[in-house]
Amino acid sequence: MAERFVYDVAVRWSDMDAYGHVNNARFLTLYEEARVAMFFVGAKAHGLGSFEEGIVIARHEIDYVRPIDFGDPVRIEMWVSELRAASFTVSYELFDDGVLASRAKSVCVPYNLIEGHPRRLSDAERDFLKPYTEVS
2 MAERFVYDVA VRWSDMDAYG HVNNARFLTL YEEARVAMFF VGAKAHGLGS FEEGIVIARH
62 EIDYVRPIDF GDPVRIEMWV SELRAASFTV SYELFDDGVL ASRAKSVCVP YNLIEGHPRR
122 LSDAERDFLK PYTEVS
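Position 85 of the sequence shown, counting from 1, maps to 86 under our numbering, and the rest follow consecutively.
None of these hints come from the bench; they were simulated from the model.
All values derive from a computational prediction rather than experimental measurement.
C-beta atoms are modelled at their ideal positions from N, C-alpha and C, and glycine is treated no differently.
One or more of the hints may lead you astray.
To be verified - Here are the simulated PhoX-like cross-link-like pairs (lysine-lysine), alpha carbons at most 25 Å apart as the crow flies:
1. Lys106 <-> Lys131
2. Lys106 <-> Lys45
3. Lys45 <-> Lys131
To be verified - Computed beta-carbon distance windows for the label pairs:
4. Glu54 <-> Ala19: 10 to 20 Å
5. Asp73 <-> Pro132: 25 to 35 Å
6. Asp64 <-> Tyr20: 36 to 46 Å
7. Glu62 <-> Asp98: 18 to 28 Å
8. Glu54 <-> Trp14: 27 to 37 Å
9. Arg121 <-> Asp70: 15 to 25 Å
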């Protein structure tokens, strides 16, 4: 099993829908906050700033296991389930009060924002991702 990057995300009142639980679309925002922490804050702590230069999302996939209510922060655990030359897939599990509430995946593509095209992962980026990568 790969290492997991763990991040607690606050649930905001604005995340709620008319039914009194977190709106399904807001799950993407919660996952985004955790992903940004991993690739901007976590990577920067390891001396890597290149992810800040551009990552785009090629695909999201979400399974909703149970509703989330307003309250304490949720815990999101992330790892890399696929590592390719020019993309990687981040897998997530979201826990509310210690109970699994959602699973998701995001296909991330390193992107050269200045030139406007995808790019390959650098050796330093691969080195950062490897401890979080599942071995199949």
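Right, here's what the structure says about each hint:
no., hint, verdict
1, Lys106 <-> Lys131, "17 Å, holds"
2, Lys106 <-> Lys45, "23 Å, holds"
3, Lys45 <-> Lys131, "16 Å, holds"
4, Glu54 <-> Ala19: 10 to 20 Å, "39 Å, violated"
5, Asp73 <-> Pro132: 25 to 35 Å, "28 Å, holds"
6, Asp64 <-> Tyr20: 36 to 46 Å, "19 Å, violated"
7, Glu62 <-> Asp98: 18 to 28 Å, "24 Å, holds"
8, Glu54 <-> Trp14: 27 to 37 Å, "34 Å, holds"
9, Arg121 <-> Asp70: 15 to 25 Å, "42 Å, violated"
Violated hints, listed in ascending order, are 4, 6 and 9; each of the other numbered hints is respected by the structure.
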